[in-house]
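*Asks:* Each chain is listed here by its residues.
There are 2 protein chains.
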Amino acid sequence: MLTLGVSGLGVSSFADEPLSAPPTMAEVIERSTPADWRVLDPDNTLYMELPAGRVVIELAPGFAPLHARNIRMLVRTGYFDGLAIMRSQDNYVAQWGDPDSDDPRKARSLGEARDSLPAEFTVPVSTGTPFTRLPDADGYAPQVGFANGFPAARDPVSGRTWLCHCYGAVGVARGNESDSGSGAQLYAVTGHAPRHLDRNITLVGRVMQGMELLTTLPRGTGALGFYETAAERLPIKSIRLATDVPEAERAGLEIMRTDTQAFSQLVEARRNRREEWFKAPAGYIELCNVPIVVRRRK
Amino acid sequence: MLTLGVSGLGVSSFADEPLSAPPTMAEVIERSTPADWRVLDPDNTLYMELPAGRVVIELAPGFAPLHARNIRMLVRTGYFDGLAIMRSQDNYVAQWGDPDSDDPRKARSLGEARDSLPAEFTVPVSTGTPFTRLPDADGYAPQVGFANGFPAARDPVSGRTWLCHCYGAVGVARGNESDSGSGAQLYAVTGHAPRHLDRNITLVGRVMQGMELLTTLPRGTGALGFYETAAERLPIKSIRLATDVPEAERAGLEIMRTDTQAFSQLVEARRNRREEWFKAPAGYIELCNVPIVVRRRK
Numbered sequence: 454m455l456t457l458g459v460s461g462l463g464v465s466s467f468a469d470e471p472l473s474a475p476p477t478m479a480e481v482i483e484r485s486t487p488a489d490w491r492v493l494d495p496d497n498t499l500y501m502e503l504p505a506g507r508v509v510i511e512l513a514p515g516f517a518p519l520h521a522r523n524i525r526m527l528v529r530t531g532y533f534d535g536l537a538i539m540r541s542q543d544n545y546v547a548q549w550g551d552p553d554s555d556d557p558r559k560a561r562s563l564g565e566a567r568d569s570l571p572a573e574f575t576v577p578v579s580t581g582t583p584f585t586r587l588p589d590a591d592g593y594a595p596q597v598g599f600a601n602g603f604p605a606a607r608d609p610v611s612g613r614t615w616l617c618h619c620y621g622a623v624g625v626a627r628g629n630e631s632d633s634g635s636g637a638q639l640y641a642v643t644g645h646a647p648r649h650l651d652r653n654i655t656l657v658g659r660v661m662q663g664m665e666l667l668t669t670l671p672r673g674t675g676a677l678g679f680y681e682t683a684a685e686r687l688p689i690k691s692i693r694l695a696t697d698v699p700e701a702e703r704a705g706l707e708i709m710r711t712d713t714q715a716f717s718q719l720v721e722a723r724r725n726r727r728e729e730w731f732k733a734p735a736g737y738i739e740l741c742n743v744p745i746v747v748r749r750r751k
Numbered sequence: 454m455l456t457l458g459v460s461g462l463g464v465s466s467f468a469d470e471p472l473s474a475p476p477t478m479a480e481v482i483e484r485s486t487p488a489d490w491r492v493l494d495p496d497n498t499l500y501m502e503l504p505a506g507r508v509v510i511e512l513a514p515g516f517a518p519l520h521a522r523n524i525r526m527l528v529r530t531g532y533f534d535g536l537a538i539m540r541s542q543d544n545y546v547a548q549w550g551d552p553d554s555d556d557p558r559k560a561r562s563l564g565e566a567r568d569s570l571p572a573e574f575t576v577p578v579s580t581g582t583p584f585t586r587l588p589d590a591d592g593y594a595p596q597v598g599f600a601n602g603f604p605a606a607r608d609p610v611s612g613r614t615w616l617c618h619c620y621g622a623v624g625v626a627r628g629n630e631s632d633s634g635s636g637a638q639l640y641a642v643t644g645h646a647p648r649h650l651d652r653n654i655t656l657v658g659r660v661m662q663g664m665e666l667l668t669t670l671p672r673g674t675g676a677l678g679f680y681e682t683a684a685e686r687l688p689i690k691s692i693r694l695a696t697d698v699p700e701a702e703r704a705g706l707e708i709m710r711t712d713t714q715a716f717s718q719l720v721e722a723r724r725n726r727r728e729e730w731f732k733a734p735a736g737y738i739e740l741c742n743v744p745i746v747v748r749r750r751k
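So the protein sequences, as listed, match chains A and B. Remember, my numbering sits 453 above the position in the first sequence when you count from 1. Remember, my numbering sits 453 above the position in the second sequence when you count from 1.
Take the hints with a grain of salt, since some may be wrong.
Which copy is meant is left open, so a pair is good if it fits within one copy or across any two.
[Unchecked claim] Once the Cα atoms are required to be at most 20 Å apart in a straight line, the calculated DMTMM-like pairs of lysine to aspartate or glutamate come out as:
(1) K559 x E681
(2) K732 x D632
(3) K732 x E630
(4) K732 x D608
(5) K559 x D632
(6) K690 x D591
(7) K751 x E707
(8) K732 x E700
(9) K559 x E729
(10) K732 x E721
(11) K751 x D553
(12) K559 x D489
The set of hints was computed from the structure by calculation and includes no laboratory data.
Here chain A stands alone, though its shape is the one from the complex:
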């Protein structure tokens, strides 16, 4: 079978390799220990229940504390239940929330939650978010790497750090004003990383499981990929905080830590692919091509 390289984990072994050969990604994962993984914090994990299944989103309060808090409030009052995915633009984003939010007579109340928040496009490095820097240069930021599994960037001159728009990033839709977002409308990146959005909009988390439920949605035929009729929208059954879901119904995911030697080996395994299929290792990896490995907890 012509497989076009190895992208999953079913990678061949290298029996003839010297023992000192750097491991492949599959070998890094195989050799990892429990300390190389962390369990998602249920207070920072959202379950968006769609007709076809669950999308699991991890919030990043270290980068967007105000927005994470507001979204938690909205979720806990059932704000999103019965709302809809109303936009799917090919190679860009899916977006959800209240389709009637512009109509004061029909818009759903945000309850106690704020309807606008100060921008959290970047935060001071001094907030103490961890950072494992990638060895390679990046065009969009002075430094890029990972903070607890989130692709992120830093600027040592300005002393600011921010989340990056890689595939699966979840952000807060806004109007033209920087403070016009609240978290009541969210989007997920479903295409090639739109890194030009970095530092222009508040990212608040990342889809950890269920991306295919968003990427396979029919594309909207309206401007910017909005669905033109209500019937085209995809209803959201509910969004819940994992804390509020009985333990037996939780996703039970764990994520490979990004501050370990195992992760550094994984990055190197992807900078220079050593699987037999590859003929010319790249010697480089772009931030959004680094896999963040998620698996069901053992």
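Got chain A; can you put chain B on it based on the hints?
*Replies:* Frame of chain A; chain B shown alone:
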């Protein structure tokens, strides 16, 4: 409405801007002249007819002459008609061809076409393919830019040039041997650009229209996103060369040229977004984020 920036063409005007302000992308397109566009060559254009519509692919014989020729032969004998899309891996590729190609008793004959070809991972710069270089650095190649609308790279030291794995790129699936591809199995990139595949596999073209027909396919649940049952595969009604389709049934597309001043302005408009929504222009653009504008011929 919270729109998350401007990604389509419905961009606001800038009545208050000084006349010397660099144009936005919408303005570049608005001001373009017929000389800024080229019509797709029907001898290098494939129509893949799926149940839900047509995927238009432009071949790049300048980068893969042997494979383009072989694919044309396969297409003209109706090789692909009734075959299937058999793989859809999220954030990676969709792949099509003969699901029975590994079974000598069932595999469809390639007829006069070759069943393997020398790799065309790169070609000499001296073949004369045009190249409009991007101003920005790239992690995967010494130089990147565009060749007749195809994202491409060059290495002045080795004197080689190659197509790049951006969203929509179409390539020739192969096994572990470099010469094990023929064009009878093809793939299209449906996710974040897997640039590590550059120089490892033969790219032969690019999807110009109909990407959403590939990106919305259900993801395969088998290894590497292959569909596990025949029923899950998507049948291909036919693949035709545009030359062989009556003119009235052709797609009638034109593409913005990439060797013009208008295109340079478009690139600059995307390196530094000047639309009102943006607060922090990136000052950079990654190769695969540059839009190649396709429209119906006027």
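*Asks:* Against each hint, give a clear statement of whether it holds in the structure.
*Replies:* Going down the list of hints, with the structure as the test:
no.	hint	result
1	K559 x E681	within (18 Å within a copy, 45 Å between copies)
2	K732 x D632	between (49 Å within a copy, 12 Å between copies)
3	K732 x E630	between (49 Å within a copy, 9 Å between copies)
4	K732 x D608	between (35 Å within a copy, 17 Å between copies)
5	K559 x D632	neither (23 Å within a copy, 61 Å between copies)
6	K690 x D591	neither (39 Å within a copy, 43 Å between copies)
7	K751 x E707	within (9 Å within a copy, 53 Å between copies)
8	K732 x E700	neither (46 Å within a copy, 42 Å between copies)
9	K559 x E729	neither (59 Å within a copy, 28 Å between copies)
10	K732 x E721	within (16 Å within a copy, 35 Å between copies)
11	K751 x D553	neither (43 Å within a copy, 37 Å between copies)
12	K559 x D489	neither (48 Å within a copy, 46 Å between copies)
When each numbered hint is compared with the structure, violations occur for hints 5, 6, 8, 9, 11, 12.
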